[in-house]
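Trainee: Using the sequences and the hints given, assemble the complete structure.
Those protein sequence lines, which keep their order, are chains A and B.
Our numbering puts the first residue of the first sequence at 1, with every later residue one more than the last.
Our numbering puts the first residue of the second sequence at 1001, with every later residue one more than the last.
Keep in mind the hints are simulated off the structure, nothing from the lab.
The structure presented is a predicted model; accordingly, all values stated were derived computationally and were not measured.
Do not rely on the hints blindly, as some may be mistaken.
[Claimed, not checked] EDC-like, lysine to aspartate or glutamate: derived pairs with alpha carbons at most 20 angstroms apart:
id: 1; chain 1: A; residue 1: K42; chain 2: A; residue 2: D64
id: 2; chain 1: A; residue 1: K70; chain 2: A; residue 2: E120
id: 3; chain 1: A; residue 1: K70; chain 2: A; residue 2: D23
id: 4; chain 1: A; residue 1: K42; chain 2: B; residue 2: D1037
id: 5; chain 1: A; residue 1: K12; chain 2: A; residue 2: E2
id: 6; chain 1: B; residue 1: K1029; chain 2: A; residue 2: E120
id: 7; chain 1: A; residue 1: K42; chain 2: A; residue 2: E2
id: 8; chain 1: A; residue 1: K12; chain 2: A; residue 2: E30
id: 9; chain 1: A; residue 1: K70; chain 2: A; residue 2: E2
id: 10; chain 1: B; residue 1: K1029; chain 2: A; residue 2: D117
id: 11; chain 1: B; residue 1: K1029; chain 2: A; residue 2: E2
id: 12; chain 1: A; residue 1: K42; chain 2: B; residue 2: E1013
id: 13; chain 1: A; residue 1: K70; chain 2: A; residue 2: E30
id: 14; chain 1: A; residue 1: K70; chain 2: A; residue 2: E92
id: 15; chain 1: A; residue 1: K42; chain 2: A; residue 2: D20
[As the list claims (entries may be wrong)] For each label pair, taking beta carbons as the anchor points, the in silico distance ranges come out as:
id: 16; chain 1: A; residue 1: D14; chain 2: B; residue 2: L1052; range: 56 to 64 angstroms
id: 17; chain 1: B; residue 1: E1009; chain 2: A; residue 2: D64; range: 55 to 63 angstroms
id: 18; chain 1: B; residue 1: W1038; chain 2: A; residue 2: N138; range: 26 to 34 angstroms
id: 19; chain 1: A; residue 1: G112; chain 2: B; residue 2: G1057; range: 49 to 57 angstroms
id: 20; chain 1: B; residue 1: H1056; chain 2: A; residue 2: Q75; range: 30 to 38 angstroms
id: 21; chain 1: A; residue 1: Y10; chain 2: B; residue 2: L1046; range: 31 to 39 angstroms
id: 22; chain 1: A; residue 1: D14; chain 2: B; residue 2: G1024; range: 48 to 56 angstroms
id: 23; chain 1: A; residue 1: N97; chain 2: B; residue 2: G1057; range: 45 to 53 angstroms
id: 24; chain 1: A; residue 1: D117; chain 2: B; residue 2: L1046; range: 39 to 47 angstroms
id: 25; chain 1: B; residue 1: R1055; chain 2: A; residue 2: N138; range: 51 to 59 angstroms
id: 26; chain 1: B; residue 1: M1007; chain 2: A; residue 2: V34; range: 46 to 54 angstroms
[What the hints assert, rightly or not] Footprint (simulated), chain A over chain B, 3 or more residues, beta carbon under 8 angstroms:
id: 27; region: 1018-1027
id: 28; region: 1041-1051
Beta carbons: idealized from backbone N, C-alpha and C, even for Gly.
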Amino acid sequence: METDRLGYAYRKEDANLALDGVDLRIAPGEYLLVCGASGSGKSTLCRTFNGLIPHFYGGRLHGDVRVAGKSTAEQSVAGLFERVGMVFQNPETQLFNSSVAREIAFGLESLGLPRADIQERIFATAQILNLSELLERNPQELSGGEQQLAAIAAVLAIGPQLLVLAEGSGTSWTLNGPEGSLWSRDGRPCGITRRFWDRS
Amino acid sequence: MIQAFQMAEALAEAMEARGFGRPGRTFLKDYRMRNRDWLVLSGGLLVLIAGLLGRHGWG
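Mentor: Quick look at the structure:
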């Protein structure tokens, strides 16, 4: 994942940029924590990683964002989603199915997987993240932490190479359970993420 | 009202981020027409025809 002198304005005629001159290199196995005040452009930066910017938001994009060497400007969001998984800030608005199982199925259906494979991946994901008892529940009736877990499950099941957590602190608490941690001290995926990366 | 639009946008964004709109989508649930679905459908059609005939006569 690389960006070259990335700049962005949400509106074409807007003079002040939401992002200005961002150079990034994220190597496989690396973690990057982006800190900043509210409104400083953290979410905007996240949206450039999976192509929502510029494809969904329009606006004016300078510079280049490349995932695995390919520019996001030349790919669609639907083409990028299997490589760049994104968990949004607000857990409720990103859960839109009638059960957690169907939530996890959504991305796998997009991939065009056969029914049996989808079923298998739902169960495997639920087992790794320890949420089997939530599978038949309605996402809107879950607690905030459970919703975050469901949102992460729906993204990890796809098997992305890059995981973008737009709300890092909350989601990291969710994942720092007995099953393992998202963060590792040696900079490599460990615990939960390792098991997903090994599988895909 | 404005909030409804914001929620709609967030929903569209979340769906796209999980690959909605990509060709070749499969479905976990299989919706198939069963005998009773055909039965209800044809029953409704019969009632409609009977109602029309009753109102406008047989000719």
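Trainee: All the hints need checking, so say for each whether the structure fits it.
Mentor: Comparing the hints with the structure gives:
1. Taken as a hint, the K42 (chain A) and D64 (chain A) pair is honoured in the structure, with Cα atoms around 17 angstroms apart against an allowance of 20 angstroms.
2. Restraint check: the Cα-Cα separation between K70 (chain A) and E120 (chain A) comes to about 31 angstroms, which exceeds 20 angstroms; the hinted pair is violated.
3. For the hint linking K70 (chain A) to D23 (chain A), the alpha-carbon distance of about 16 angstroms falls within 20 angstroms, and the restraint holds.
4. This hinted pair does not check out: K42 (chain A) and D1037 (chain B) have alpha carbons roughly 51 angstroms apart, beyond 20 angstroms.
5. For the hint pairing K12 (chain A) with E2 (chain A), the CA-to-CA distance comes to about 24 angstroms; that exceeds 20 angstroms, so the pair is violated.
6. Distance check on the hinted pair: K1029 (chain B) and E120 (chain A) sit about 14 angstroms apart at the alpha-carbon level, within 20 angstroms; holds.
7. A distance of roughly 16 angstroms separates the Cα atoms of K42 (chain A) and E2 (chain A); the hinted pair therefore holds under the 20 angstroms criterion.
8. Taking the CA atoms of K12 (chain A) and E30 (chain A), the gap is near 33 angstroms; set against the 20 angstroms cutoff, the hint is violated.
9. Simply put, K70 (chain A) and E2 (chain A) have alpha-carbon atoms about 10 angstroms apart, close enough for the 20 angstroms limit, and the pair holds.
10. The straight-line distance between the Cα atoms of K1029 (chain B) and D117 (chain A) is roughly 13 angstroms, inside the 20 angstroms bound, and the hint therefore holds.
11. Restraint check: the Cα-Cα separation between K1029 (chain B) and E2 (chain A) comes to about 39 angstroms, which exceeds 20 angstroms; the hinted pair is violated.
12. Distance restraint check for K42 (chain A) and E1013 (chain B): the Cα-Cα separation of roughly 17 angstroms lies within the 20 angstroms cut-off, and the hinted pair is therefore satisfied.
13. Proximity of K70 (chain A) to E30 (chain A) is assessed by CA-CA distance (about 19 angstroms); at most 20 angstroms being required, the pair is judged to hold.
14. Proposed proximity of K70 (chain A) and E92 (chain A) is contradicted: the alpha carbons are some 32 angstroms apart, above 20 angstroms.
15. A C-alpha spacing of about 12 angstroms is found between K42 (chain A) and D20 (chain A), which places the hinted pair at or below 20 angstroms, so the restraint holds.
16. Range check, D14 (chain A) to L1052 (chain B): about 60 angstroms between beta-carbon atoms, so the 56 to 64 angstroms window is met.
17. As the Cβ distance of E1009 (chain B) to D64 (chain A) is approximately 26 angstroms, the hint placing it in 55 to 63 angstroms is violated.
18. Look at W1038 (chain B) against N138 (chain A): about 31 angstroms separates their beta carbons, and that is inside 26 to 34 angstroms.
19. Distance hint for G112 (chain A) and G1057 (chain B): a CB-CB separation of about 54 angstroms, consistent with the stated range 49 to 57 angstroms.
20. Distance hint check for H1056 (chain B) and Q75 (chain A): the Cβ-Cβ separation is about 59 angstroms, which falls outside the suggested range of 30 to 38 angstroms.
21. For the pair Y10 (chain A) and L1046 (chain B), the beta carbons lie near 57 angstroms from each other, so the given range of 31 to 39 angstroms is not met.
22. For the pair D14 (chain A) and G1024 (chain B), the beta carbons lie near 37 angstroms from each other, so the given range of 48 to 56 angstroms is not met.
23. Under the hint 45 to 53 angstroms, the C-beta atoms of N97 (chain A) and G1057 (chain B), about 51 angstroms apart, fit the expected range.
24. The hinted window of 39 to 47 angstroms between D117 (chain A) and L1046 (chain B) holds, with their beta carbons roughly 43 angstroms apart.
25. Remark: the range hint 51 to 59 angstroms for R1055 (chain B) to N138 (chain A) is contradicted by a beta-carbon distance near 45 angstroms.
26. Checked against the hint of 46 to 54 angstroms, the C-beta distance between M1007 (chain B) and V34 (chain A) comes to roughly 26 angstroms, which is inconsistent with it.
27. Residues of the region 1018-1027 of chain B lying with their CB closer than 8 angstroms to a CB of chain A number 9, which satisfies the three-residue condition for coverage.
28. With 0 residues having a Cβ less than 8 angstroms from any Cβ of chain A, the region 1041-1051 of chain B misses the three-residue criterion, and the hint is violated.
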